[in-house]
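*Asks:* As given, the protein sequences belong to chains A and B, one line each in that order. For what it's worth, this note's numbering labels the leading residue of the first sequence as 1, then goes sequentially. For what it's worth, this note's numbering labels the leading residue of the second sequence as 1, then goes sequentially.
Everything labelled a hint here was simulated from the structure, so no lab data went into it. It is possible that part of the hints are untrue.
[As the list claims (entries may be wrong)] Derived pair list, reagent style PhoX-like, types lysine-lysine, alpha-carbon separation capped at 20 Å:
no.: 1; chain 1: B; residue 1: 398; chain 2: B; residue 2: 533
no.: 2; chain 1: A; residue 1: 65; chain 2: B; residue 2: 334
no.: 3; chain 1: A; residue 1: 65; chain 2: B; residue 2: 331
no.: 4; chain 1: B; residue 1: 318; chain 2: B; residue 2: 211
no.: 5; chain 1: A; residue 1: 69; chain 2: B; residue 2: 331
no.: 6; chain 1: A; residue 1: 75; chain 2: A; residue 2: 65
no.: 7; chain 1: B; residue 1: 533; chain 2: B; residue 2: 385
no.: 8; chain 1: B; residue 1: 334; chain 2: B; residue 2: 317
no.: 9; chain 1: B; residue 1: 370; chain 2: B; residue 2: 574
Since the model is a prediction, treat every value here as computed from it, not as a measurement.
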Amino acid sequence: MIDSRHTISVLVNNQPGVLQRVAGLFGRRGYNIDSITVGASEEAGLSRMIIVTSGDDATMEQIEKQLYKLIDVIKVIDLSSNPNVEREVALIKVTAEPSARPEILGVVETFRASVVDIGPSALIVQAVGSADKIDAIVELLRPYGIRELSRTGVTAMIRSLK
Amino acid sequence: MSIPSPANVLKEELKTKLLKPDVVSGSEILLRCLLLEGVECVFGYPGGAVLYIYDAMHGNADFHHLLTRHEQGAIHAADGYARSTGKVGVCIATSGPGATNLVTGIATAYMDSIPLVVITGNVVSPLIGTDAFQEVDITGITMPVTKHSYLVRSVEELPRVIHEAFHIAGTGRKGPVLIDIPKDISAKRAEFRPVHEVSIRGYNPTTDPNKLQVDKMIRAIREAEQPVIIAGGGVVSADASAELIEFVEKTRIPVATTLLGLGGFPSGHELWMGMPGNHGTYTANMAIQNADLLISIGARFDDRVTMELKGFAPKAKKIVHIDIDPAEIGKNVKPDIPVVGHVKNVLAYANTKATAAPDSAWLERIEQMKRDYPLRYKDSETELKPQFVIEMINETTKGEAIITTDVGQHQMWVAQYYKFRRPRSIVTSGGLGTMGFGFPSAIGAQMGNPDKLVVSINGDGGIQMCSQELAVCAINDIPVKIVVINNQVLGMVRQWQEIIYDQRYSHIDLSGSPDFVKLAEAYGVKGLRATNKEEARRVWQEALDTPGPVLIDFRVCKHENVYPMVTQGNTIDKMLMGDEE
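Just chain A, with the same shape it has in the complex (with noise of 0.2 Å):
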């Protein structure tokens, strides 16, 4: 079986220790987090994770059912089966004397990307996509100097049907 990366939604009651539960169950049972989100839901009372993971079916399936087993979840749904919309923010604070900032500029046009903050030898650029795409504007961002990297994980939903 191949490992695969899955992204899942967990609608959770908003109690004390509910990421610890989530956490905990993922970390005891040694199953993968590259990223979680949490943040509030649709509904009063109820938050959403979104947790991207890896694993082979047989994995998934016991990270859904054993998921199910806390108490305070209400509903998984595991979005990479079906099309989904993907996002993460990055801020990205990268070294930029002024000779340097035309370049760093075009590459922030190039993904739509935005400089939120200008400062003497370093610009603050606010990315926002899929997390291939803010990988790859780290990657063409580095040789200029990363100072500090900070991503906020993916969030993500089911795209409407027709």
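Following the hints, position chain B against chain A.
*Replies:* Relative to chain A, chain B alone:
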């Protein structure tokens, strides 16, 4: 004997009193809620963070609490109560060390799916998170070993939390639920508003099976030539013993019962093959390895049953797995026919359609194996053999006693040589293998079954892990018969070191342990000793004839091993039979 009478059905008078909407403390709310849940006896130990709760017990004639000598004793007692009665066991401890002393007991219950409600005090809410005196994050510590847990944040939510805890602990795949109550909440006063409904959005266990799946199983049985059933703790937990017997008698499929499944199907039934696995019977293991259809009923293909998973049941064309917990299905063994549901409901439906499996040659072969390879040991007229002691206990109690065990060789000999006839008559830590469980769990079992004979069988290692509870037996005249299979050694470890570690015996010598007869007497419990068969028969009869608690120190030979034995890495047909010496 001062065991309170079961208050299963609450007297109307008491119920009316409990339901009154008085303004009372959180502690009083807790006690009322527990009584309204039908709790007969709580096992516990007081301390700073539960002072208000213990204060509410003072002078409360309706509420029965048994003071143990260690929190671990309290939770194992609650566990023994739960296993032997089928009801939810309850224990209470204080914050910090009181709470952490429960952790082994919580894990023990979790691994065997035993319903417990575990109540801990915590420091006052404003001090939580400040490393206050006797503060620990017990909900955090126990998260991996509880079915669910609550940190109570207001006195108003107490009735709902308690009602939910009992519901979660006692339904679906059962398990321990922890309620952590900060001291200010047990003190705070509020109007008592009992909760009778339960609605938990994220908790809705599937109890009724998909009938099409059960029909598939019925068809598979018709086509099978060599079918085998493995019946596990799920049969006992679901009170499905009667349904299983009916199913087996209709289908004529031979049954192996796992350690936790013992008694779920009567030992000695013509279609019973004994326990499978690590120390399973030859017949059970060989039947599984030759089965073309394997039906697991409330058993989870634990590694002590399957041993080497590659090569387990290699001839099975179809595997059926019936379990209340969907996550167990496909976890270790991928079944061809998964059935999620309450075992009782699954079998009740299956019984409407079940017909006999076709081949009687298979049953003849099973019978032949039972005749050719029975459990056996070399008896001795000079030494007392541990297996002889278990057989003697079995014969004198006719397989009708409630037996609790500790963990190790004696546990396996009990599983092999005690012929359990009824469900809930074996109380043993299967999943976690908790030493120290055997004796305190018997106290709980006796509290839940005041009219039954409860025998606690321990090794000389395990009895020393909770022997302080002898005081509880003596003071409350709890008439448990405490058996010590005393071989002066950590026997199961010795066995592994002999067979697998080239007789490099490392730290297993228990000689120099206390004189157990004197130890019992120090607590005010009668102590007896036997060193040969004749003494064994005599003192055991004396113990049975003694109305109160008795400890019997059976001095057995040191070098006895448990056979059959399958060592790690081998499939269950590769059994050491003990003839190799």
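*Asks:* A separate judgement is required for each hint: does it hold in the structure or not?
*Replies:* Going through the hints against the structure:
1. 398(B) x 533(B): holds (19 Å)
2. 65(A) x 334(B): It holds: about 14 Å lies between the C-alpha atoms, which stays within 20 Å.
3. 65(A) x 331(B): Roughly 10 Å separates the two Cα atoms, so the pair holds.
4. 318(B) x 211(B): The hint holds at about 18 Å.
5. 69(A) x 331(B): Holds, at about 14 Å.
6. 75(A) x 65(A): The given pair, whose Cα atoms are some 11 Å apart, holds under the 20 Å limit.
7. 533(B) x 385(B): Roughly 8 Å between the alpha carbons, so the hint for residue 533(B) and residue 385(B) holds.
8. 334(B) x 317(B): The given pair, whose Cα atoms are some 12 Å apart, holds under the 20 Å limit.
9. 370(B) x 574(B): Satisfied, since the Cα-Cα distance of roughly 17 Å is no more than 20 Å.
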